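Colleague: Okay, here's what each chain looks like letter by letter:
Number of protein chains: 4
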Amino acid sequence: MIEYKIYACGKFLETDKKLTVYNPFDGTPAGITFLASVNDLEDAINCGLAAEKEMAELPSWKKYRALMFIAGEIREKRQDIARLLALESAKPLRYALGEVDRAIQTCVVAAEESKRLPREYIDLEWTPSGEKREGLVKHFPVGLVAGISPFNFPLNLAMHKIAPAIAAGCPIILKPSSSTPLSLLSLADTFHRSGLPEGAVSLMPMDRKTGNLLVTDPRFSLLSFTGSPAVGWKMKQEAGRKKVTLELGGNAGVIITPSADIDRAVPRCVTGGFSYSGQVCIHAQRFYIENSVFKKFTEKFITQIRMLKTGNPLDPETDISSMIDVENARRVEEWVDEAIHNGARMLLGGRRNGAFLEPTVLTQTREEMKVCSREIFGPVVTIEPYFDFDEALNRVNGGNYGLQAAVFTNDMRETDKAFHRLRVGGVIINDVPTFRMDHMPYGGIKESGFGREGIKYSILDMTEPRILVKNF
Amino acid sequence: MIEYKIYACGKFLETDKKLTVYNPFDGTPAGITFLASVNDLEDAINCGLAAEKEMAELPSWKKYRALMFIAGEIREKRQDIARLLALESAKPLRYALGEVDRAIQTCVVAAEESKRLPREYIDLEWTPSGEKREGLVKHFPVGLVAGISPFNFPLNLAMHKIAPAIAAGCPIILKPSSSTPLSLLSLADTFHRSGLPEGAVSLMPMDRKTGNLLVTDPRFSLLSFTGSPAVGWKMKQEAGRKKVTLELGGNAGVIITPSADIDRAVPRCVTGGFSYSGQVCIHAQRFYIENSVFKKFTEKFITQIRMLKTGNPLDPETDISSMIDVENARRVEEWVDEAIHNGARMLLGGRRNGAFLEPTVLTQTREEMKVCSREIFGPVVTIEPYFDFDEALNRVNGGNYGLQAAVFTNDMRETDKAFHRLRVGGVIINDVPTFRMDHMPYGGIKESGFGREGIKYSILDMTEPRILVKNF
Amino acid sequence: MIEYKIYACGKFLETDKKLTVYNPFDGTPAGITFLASVNDLEDAINCGLAAEKEMAELPSWKKYRALMFIAGEIREKRQDIARLLALESAKPLRYALGEVDRAIQTCVVAAEESKRLPREYIDLEWTPSGEKREGLVKHFPVGLVAGISPFNFPLNLAMHKIAPAIAAGCPIILKPSSSTPLSLLSLADTFHRSGLPEGAVSLMPMDRKTGNLLVTDPRFSLLSFTGSPAVGWKMKQEAGRKKVTLELGGNAGVIITPSADIDRAVPRCVTGGFSYSGQVCIHAQRFYIENSVFKKFTEKFITQIRMLKTGNPLDPETDISSMIDVENARRVEEWVDEAIHNGARMLLGGRRNGAFLEPTVLTQTREEMKVCSREIFGPVVTIEPYFDFDEALNRVNGGNYGLQAAVFTNDMRETDKAFHRLRVGGVIINDVPTFRMDHMPYGGIKESGFGREGIKYSILDMTEPRILVKNF
Amino acid sequence: MIEYKIYACGKFLETDKKLTVYNPFDGTPAGITFLASVNDLEDAINCGLAAEKEMAELPSWKKYRALMFIAGEIREKRQDIARLLALESAKPLRYALGEVDRAIQTCVVAAEESKRLPREYIDLEWTPSGEKREGLVKHFPVGLVAGISPFNFPLNLAMHKIAPAIAAGCPIILKPSSSTPLSLLSLADTFHRSGLPEGAVSLMPMDRKTGNLLVTDPRFSLLSFTGSPAVGWKMKQEAGRKKVTLELGGNAGVIITPSADIDRAVPRCVTGGFSYSGQVCIHAQRFYIENSVFKKFTEKFITQIRMLKTGNPLDPETDISSMIDVENARRVEEWVDEAIHNGARMLLGGRRNGAFLEPTVLTQTREEMKVCSREIFGPVVTIEPYFDFDEALNRVNGGNYGLQAAVFTNDMRETDKAFHRLRVGGVIINDVPTFRMDHMPYGGIKESGFGREGIKYSILDMTEPRILVKNF
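Protein chains in written order, with my numbering: chain E, 0 to 471; chain L, 0 to 471; chain U, 0 to 471; chain D, 0 to 471.
Relax, there's no trap hidden among the hints.
Copies of the same chain are indistinguishable here, so a pair counts whether it falls within one copy or spans any two.
Listed below are the simulated PhoX-like cross-link pairs for lysine-lysine, each with C-alpha atoms no more than 25 Å apart in a straight line:
{"no.": "1", "residue 1": "K416", "residue 2": "K137"}
{"no.": "2", "residue 1": "K445", "residue 2": "K233"}
{"no.": "3", "residue 1": "K131", "residue 2": "K469"}
{"no.": "4", "residue 1": "K131", "residue 2": "K52"}
{"no.": "5", "residue 1": "K242", "residue 2": "K137"}
Worth flagging that the hints you see were computed from the coordinates, not collected in a lab.
None of the values given here were measured: they were computed from a predicted structure.
Please build the complete structure, drawing on both the sequences and the hints.
Modeller: Encoded structure:
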């Protein structure tokens, strides 16, 4: 079985603590890697700090070249990486390929943005006291970045921290999820040959306790975390003076209005509700369908969900495979059972087999049920009729989350109202909330997050503005 | 004596706790106001929350009109406000007038920026999966803002929180310094007649314990604090999920190079070192003079400091008056004594009389002395020769602060080097670090702060971006 | 009767050629002014050239102050100016007041934009050959500007050339229409006391031959013309090396779709079709109504047009008064007659009395009739049913003009299609093409114009970018 | 010998009029191509017009992909293209390689900018009349573009028209110089396989008379011309209603101040003065050296010029080869002779051998000599002492041109003064005026040009803004 070494400070390391990564679908080992010790991390931090100056002074063409080199290598190894990613995560191959393509795009966008860091040249002559003065604002890298990425997009969500860090001129130490570290680590050699200084990028799986040093150590200038709300908000409190970006979860709502094109909406809703078994931060969880089209929508929706092909993630035809582990599948099953017990009706699915859970559709739910109020992170959706558009907006706004939401409509008054009223980071019209382009601003409000990602926005976060005031 | 009522939720309040404000120069009462109770604050919070929706929906012309109205009223009452400000703070009248003028400008700039909130319209067709989609990003107000402003610029630093909040569409509860709340409160009626909704702006002096609720109460969406580092950083930890902006202090350095125009530099250095007795966040505290011009600079510098006129703040001729209180004057005196005791040499000043401390110049100091390493916030400067420009930059960079710094030079290589090497929020060329225009980005790094103010930047901070993704 | 002197080179001039301006409504004299001679113009040009340097070096606060001063004076004299404007142009008083308000706004916006001239600070390190280089782009004033403004908005369209010129730092010589020069000239003293250098603004009525020197004289750096297409395009050919901006006319189309709110649309259509007797560049001339709502729309439209009050422009109740002169009224009458003769049907109006022409509605017209294909610039509209939205777009696009167009709809697919397909400078949704805000980009394509106005856009036009490339 | 076919409307054409292209260095044929007839052009125009719609609707990822494909192919054929370019133009191989690299960069930048066309989303609520309205401004392609490129950068200056046209969504017909059409035509197949619609790009050598139709035909929406002033300004007059961009020539000045680093300046000045025998629009023609460093600079300058290696352009060591033809070499020789005859002194060079002219340095020239006042476009520079910086600026500003200028200095006061006073499109500090990055704004004022190139700026020129005003 292949061993994937840790990559830190320009070196490939093995440690005492081997970590075997298993394929969630069949429990076979997918590969082996290592957990970094506190000492390994200490070395990486010192190396990262030592690289701050060189990283900060890199001309943009070198950052561009490095990022385009990385993009190019991923493109060349596309099939292999996607296979490994499918293996470690049970993500169906065609979604794994899609993720690899997005990781390429993430690097390309970061390459381009590295040449376009924000600068301002400001007229200071707005009052007599500023006469003969002008101000130049440039953005300087904050310094060493700590990144923590989740299991569900093991490659692209890691790249969403690494690529902007390179573009901003910050060294980064990235801790991938211990469940799915392999696809990223398989690129260590690519980073190594990218022409960046030693210590620019370190990729280090570690246990949670060691990982907590990424949060508390004051030598990091910024922590970028993607994961669960409970963990994230605690980090913010423990982070000391460093900047913190949190990309957490949600329980995204979808509204289907009477003016929507139902035939166009249904397949998108199936994808939004069940791709990667709903283990997606912007999984379409709660559907609100205007009453007059509820029946029509529901029938088509159920019909198309039934057509989803379940199976081995490596099979190119597979739409749905296992969840990441049995614990999570059990948790989701329990939430569903609780809902049924409290009066919800199951329209489809509900059965579990190990880590595999059937695509499940519930109706007659209530907002306080866990399947509504919490982030389900599983292949379960709720579907309810509504009678009034304002009511539907209020229901989507209910609860603690605010990541993305969606409305299918052709009426511009509804579009505008949804945009102004929905308390989320993104409102998607005529597609599911699961829609994301890698260069768009992305992130949540309320309990769903703090700050925005999306290359340009991450880069901005990883810099500090400094003004030069010149007198003539 | 005039009583200035608290202004909260569109009402003028008296409370049980009277607060008499004294003129630091002669100890006579300057006016009377009140401290808000926890209940008063609770009412104001509820009122502010109730105003969130109306504030968020204000069209820009109404925000513009309100802010221009406020600017206009301040302009009309300029002399009265400046007098009151001088009285409560012992700030010499001509500096008080300058502050009032800046407060006007702060409102004017906020009025203009309220019409120019950032918006982006993004091409999403960068990959095939984004085809026929476009993204609109608008910035929505975060909600209720808590502002805490300091004693040293009682009007303008309060306006730097209030005016952007109005422009952003956020209600704000502002706690002025208990030492100098009157000049701001004298404008309560102006805010009242500005056409803004009830609860848009509340001005509430309160004791520190009540004030701490501004930090901890989760109903505030953002805390904007200007004050001391010790207090500020603790707030960041206690702030929970809200956003935090900290404008703290520094020990700003100034470099005089051989190519500098000494005759132009000296009067600016006198102002930067001693205006308002150095009680300024960007007070010019540490001077580094290239050795070959050290003697020349020092002689002219001392000569001009001697010419500063001390006295009653209400006297239009006064350059320097009392510090804010005896405690602070004593603290500064002690730091000076400690420096002298450890080998520093006094070139000028050093004597204290109650809250008044002479303009003081020290040399032969060492970086670890409090007069160097800490924010002195008093009329004391250190002045040392240097031999090498890089060394001078390193000395300015020494220590924990990073707000602003200054270099007097005509050599563009030095300008560029200073800009890229000085780890501060602002580098001022051919003027003192004390230079600030109200529309420029302003704020510190390291222990000097978190985030940026400067109207446009404050407004940005007081909003959250939201993207609308449309499919055609 | 009041004499309004020419204002040139900081002097108030009388010349040999008196020009009496008449009220088109009753033929009484409205006031007297003078035509500049070639020599007067020569003096003004030399004076303007001499002012170029000082204007270019004005700090933004002086330009802001001057423009806000002008705005303030217009605000104070609002009623008087509007009355004079109504008198010289027969524009009904309430529209005249609206124009004066817009002229104020034009100045305010220019004041604000004078502080925000575009600047870029460019990373040049995109390739190794650019390493250690950065580029600063500032916009410098082009130099002396020639402005020619039309009769129909005698104040605001003149201000749309003068205010941006001030903001850009360009001296300007403006030739108002000989029919309506008085309202502008009544502000000469305001310009005189605005603090701008002598020669910054000259206001000079002149005959067409003298005026042609504004086009051909190479000492002008830019010609900004608003008027008729025939005159404008010829100017472009004769302008030599100078820049040229042309704001010409159109025959704007309006589409009413079935999803439109008819009750909201009708009053706007009445205004768009008949305000100032249609003597507006973006007059709503051609209406295309979806067949199923044609009858309903037409009835309400006719009913409301009938309610328009005709009469003396000075009467605050008057909606419609005379056209600018008998010649034009006759021309429009002839075009209507020609249409009727060729098969069009008159639904309303058509009678002429001197310079007054009734609000006229035609149907069953054909595209080649002058009332359709040419700019009618009179109180005449055509109204036709359509069956297919694409067809309606094509009909709006037919012909040689492309200024603005409008669609009343609530369907976002139609909105998007209209925006992408209509070949015009502006597409207005749910209002008439006659809608214009003074800070929005405004101008036509095809034969309707060349370049854009709208303060910021005019300012940009009146500058040249210059890059400074610095090496470190 | 290789035949390079014309490429028009997606087809490779031969015509009756063969054009043999000769190597200027030794007169041997470099290759054969064809001149397009009026009929060929007519076909290409119709084909280009037919492609307008499809080009306008291309999503950005397709434009990006096409441009990156073209960049990639040029990179692969780099050596072959450079060789051909050297052959047809007598440009020394290492400069030819540099030009090919720049052409690649031109495509890459255009690819990136195609995803970043300017868009504005405007708040229209600045006055009550705009309430509930917002404006979206997008830039739409103007339509068919005519491009005319010169002999001296046969590849990159053609790409500076083609690449932005693709990025903007405009079809383009490009006429290369008849002296050097081959390197561009060798890429026809690359354009053909780039995935763009038929008629997107046509490459057509033609005689001057046929070429004039590019100027006069009203079906072209924009003419982009790079060439000589005499030809260019005439085109502007004949262009009718289309937009015109002119990139013409200059007689760029260079100032060497006492604070300059002479050792760093000299090799750059040698390059700026003599690369490609001065046949460069931004050739460094006139040198003004502060008197105290005149002797030192001149000696080093002459010494290093003497070290330039002359010879066969295909030799990788060659610095200087033949001029483009004997006529031009003769013309330059005559101008030099005229200068000598009128009192100038020759410090170096002056001898001609066929199309080859020695690197020539003149001093004691006067401004009215052709070698000063006109664009020499040959390997000749003038070098004069100056005594006062303002005087030097005035001398650089003398004459009719204003493309770029350069100052070697380390004094920021001189930098700022030069930037504000020099009437040119670009001021280069510490490098020669010959410096250009392909993404910087580039173009002249006065007689040197009209409009700006530089990808982003060209793209902007090739579009028209259109505003969508929405009411809520």
